[in-house]
Amino acid sequence: MSLAAASREPTGDGFRFDRWAPLILLGGAAAIYVAVAVATGQTQYLTLDNLIAILGRSIALGITAIGQTFVILAASIDLSVASLISATAVLASVVMDGSAAMIVPAIAAAIALGALVGLANGMIVSVLKVNPLIATLGMSLVIQGCLSAFVSNFAGSVPPAFQVFAYGQIGAVPLALVFLLSLAILAWAVLRFTKFGSDLYAVGGNEEAARFAGIKTGRVVLTAHVICSVCAAIAGLYLASRLRSGAPWIGADGVYDLESIAVVVIGGTVLAGGRGGIWGTMAGMLIFSLIDSVFNIAGVDTFAKQVLRGIIIVAAVAFYAIRSKRIVA
Amino acid sequence: MTGSPTASRPGTGGWSLAGINPVWPLLAALVAAIVFMNPGFAEPTGYMNFLKRAAPLAILAAGQVYVITSGGFDLSQGSLITLVVVGSSMLTDNDPAATAWVIPVMLAIGLGVGAVNGAIVCFLRVPSLIATLGTMITLNGLAFLWSGGAPRGYLPDTFRFFGRELIHDVPLVRFVPVSVIVLVVVVGALAWAMHRTNLGRMVHAIGDNPVAARLAGVPVNRVRVTAFMLSGLSAAIAGILLGGFAGVSTDVGTGYELEAITAAVLGGAQLLGGRGSVPAALGGALALTAIFTLLNFLGLPQPVRQVVQGLILIAAVALAMHRRKRTGT
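Quick note, the sequences are listed as chains P and Z, same order. According to the working numbering, the first sequence is numbered sequentially starting from 1. According to the working numbering, the second sequence is numbered sequentially starting from 1001.
Next comes chain Z alone, as it looks inside the complex (with noise of 0.2 Å):
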């Protein structure tokens, strides 16, 4: 599974170089000027840490490629992000075992979120830019309600346990973050769901045009509710592994809506819908990444990182309308 599934749908041409989807090359060129520039960075501690700090918007953008692939924005995962972290400092209240239970509800609040857009989309009929910024304001306005403006108290280690322990003595690489695995584990189910069953399939056709995926006999409604809700819980899970290793903040998800949809472009996802693939986001959310450290490396402040990634977004999106124009697809 390298390419976009439409570029290296077999019966057209078979594989060639112009059908491999260009987020993974420039992924390999970012990779290489980084253990170039720090040798460090292919040692199991450069590129376990590199994963690590990738987890949370590879596992966002996961989720944002499902919205997007359906014809609609998630505005909301970012203050959703920031919802979860506050929400179970102030639950979680420094008691260890409370995160047994926490964690259940903070998925929930995730799924909750998620069905509210969906339903907010197909039933008051909201266009999602909007219903998303609705939620988006609301959850912000939650999150502050909830904490009084300063959120209290820390994060206790067994909740923080998924976003910064490592799992040692593991051969060939020595250790694992827990956060690593987190991600393998929902990126491939969201993957699989996407691209193996019928819900994915479901999924591209109402993107690409709701009317005939209708008359197909698609539920266009109960899907895009899915959608969302995938997205909203993958937004939750991003907000679990953040809280571990950012800490409490009221700003933790700030822009991380924005960084997701980044990266599911840079996979080649295709905004108003009907193209978009799981593996490809999280190479998009990995070159994202990758770029991030390599200005870090660069000693390039905070602003320039904004310059770089807007070029990049409107950059990666010109050069994908170019190919398809040239392809006539």
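Okay, chain P solo, but in the shape it has when bound (with noise of 0.2 Å):
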């Protein structure tokens, strides 16, 4: 997938297993699926539209989860998304309170404080040598308990004209959809073509390593940091297009921080950075996605799903891990 993974393993041309894991615990999600659907006589579930419509119930996880790859790519990672995704659309719904004329205002406001909110994180990671774990924990306390003091209910609301966002369609794919691949698209150009990609790659490998090699690190550390914020307040905006307003709460009830980094992890990339990519983030969602579905179809209960779902995160990583030699913690 890079060129750090691909060096690191002598194998010479046979199966890669880390290449090829995503996809594989892709294909037993869509043939549980499918076998759910059929067992159960549900085959109206089988439909392309359906397969849409699973796509679109996560796509604000899919945005979250493009941008958490970076940090975690560079060795970091970022707990404070799911209070900024709350941070976000409060702002943007309370900007544009329901005038179409405030949309861009609102959009820029958003992505600004996305921005601010990951280059603080950023600063504290890369120049305070704060653990990022604490930092962006921290920051997220920040940013709930500041929005909490100001709002505890809906606030604002999104004009006709922005709903389009979540709502719209282009011929039969809703609109978010082809955002949501456009930006893995740009996401994995990033990553693939780019100096700043390569550097990230090498930074999450071995900071010592890249930083020898004339790689300013710090500034690496940052941009992913930034990345990954204003990704999240993308989601944010989303978010509020989606439920028409925006609620302090949104971002904590979907657990977006935990997710994010669970699908970025089904997908593949190491938690311990320099190795991964978007499309296994992708296939993470979609793998997150159908089981989701998997469950809505058998019909099982909420606190079993839940039950469930901590099961099948630990086993999806245990899938890759436990082939790993090395020592974890």
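Think of the hints as simulated: they come from the structure by calculation, not from any bench. Any given hint could be a false lead.
What the hints assert, rightly or not - Calculated lysine to any residue pairs in the SDA-like style (CA-CA distance at most 25 Å, straight line):
(1) P:Lys305 <-> Z:Pro1127
(2) Z:Lys1325 <-> P:Ala272
(3) P:Lys129 <-> Z:Phe1123
As the list claims (entries may be wrong) - Partial selection, computed: residues in chain P whose CB lies under 7 Å from chain Z:
(4) Val104
(5) Gly138
(6) Ser182
To be verified - If you want the footprint, here are the derived chain P segments under chain Z, 3+ residues with CB under 8 Å:
(7) 205-211
(8) 261-272
These numbers were taken from a predicted model, which means no experiment stands behind them. A virtual CB, placed ideally from N, CA and C, is assigned to each residue, including glycine.
Please dock the two separately framed chains into a single complex, following the hints provided.
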């Protein structure tokens, strides 16, 4: 997938498990989905329309996970995305307040807030050398606290013109899905073809070595954090458009922080950094939404669904990790 | 035993001001501020109630410090507390005599969950962040499933004894809450095991450098599983105390895992392992509770509490990194 990953494995032309694992998992999830749909006699769930509907439910998670991929590749992590999603959704919906003229300023404000938070996260991680988990966890508490101090319910409203983002269609395909796909292609291109992309893999793989090779590691980590937070801001805008208003709990309700990390890891990106990619993350997102749909079709109880979800996350990550020889903590 | 074990190690220049763990001056300043604002705090009623309130968090932090020092995280503590409280109310079923067997069952559940966490990390090689995230989601689901979403019943008074009762007619302090006795015993035992036994040395060793520890003959997997089991046990004990004074609900434990990590970090524990002290984690837990008490006295609302917790978390780690860079350790 990447040069870093390819050069590390001395296996000649044999089957490279790492590369195919997300697809194997995705195939498994799809097979289970089809099997359950057929077994319960609900073949109406096997249409293309339904597939698009399944994808449509996980757009916000997908956008967040694309950003999360960048920070995890840099061996960092971002736990502040959930509260940032809430904050940007509320901000956008308050700025718009039903008026179509305010759409552009609202989008600008949300993106700016995202960039600011990303910058702060990146500075704390790369300059103050605070462990990224703690830095972004602290940031998450700060954002959520500030947000709940001002807003306690749905605030503002989104004009119909902006609801197109979530509800618009291009032919039979939802606009948001097209957007997600273009964002994924953009992210893939950045990782694959730019200097920043290769620097990111280098920093994530071995920060010390990357520094000695002349890469400005701090700047790379900082940029990754800004990208991640801007993606979270976009996810916030999408949710505001979908819910027609912003509320201070939408990010926390969707557990976007932990789920986006789980999606990235299930997609084969290594938590320790330096290995993985966007298409794995997209596969992870698909796996998540397929599993949810399986639960829905099979009529699994809400609480049992949660229990199974936890087990599936661990099992999916174990699927890759169990082959690794190194000691993990 | 004032500072962290490394800071006060003999032969490195002896006792100096810089060798004191900063959590103790912080705690002293906070207590002074509380006494200044509310002189009643210097009375036994004041500080005993404070200790009673701090007891679950302190016990939790003492367990968490084992996992952090060994290089991992335990995010499942909070949901384990919820499971213990909900499970106790379901099992005791308002029968005071049931307490005698329910408490051992709960402690066993704590050890069992810890063993599962440890096994997932050691044998499935899933990073502890994802592994305990999975258990967290699963346990929350189980708590809901067990109680059917709305926990019924109350905990009998025999069960609430540990969290709620006071022992009167104690010389010097007039009364001692039972939870404070539990706190002293549990934290004392954990501190002894961490700083006076081989187990503690091995926990430090595998957190510092797992490969070197394994080559030196440390049974890495066994020590790691033990660390997770102690963390789970501490969560079960904290759950029993919290059930005593907080009552039954499905969100009693929410957020406790993060507070425990905050407390351990305030006490100078190093994330990703190698450094950690149980007494300092106790200091961290007391300092955190003191900060919350202070914010209460000042009449500041819950959101501010979140913001302050976030800022403290970042500041504590940034300060620790700064000191470490300056002293070159």
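Taking the hints in turn, this is what the structure says about them:
no.	hint	in the structure
1	P:Lys305 <-> Z:Pro1127	holds, 23 Å
2	Z:Lys1325 <-> P:Ala272	holds, 23 Å
3	P:Lys129 <-> Z:Phe1123	violated, 31 Å
4	Val104	violated, 30 Å
5	Gly138	holds, 4 Å
6	Ser182	violated, 29 Å
7	205-211	violated (count 0)
8	261-272	holds (count 5)
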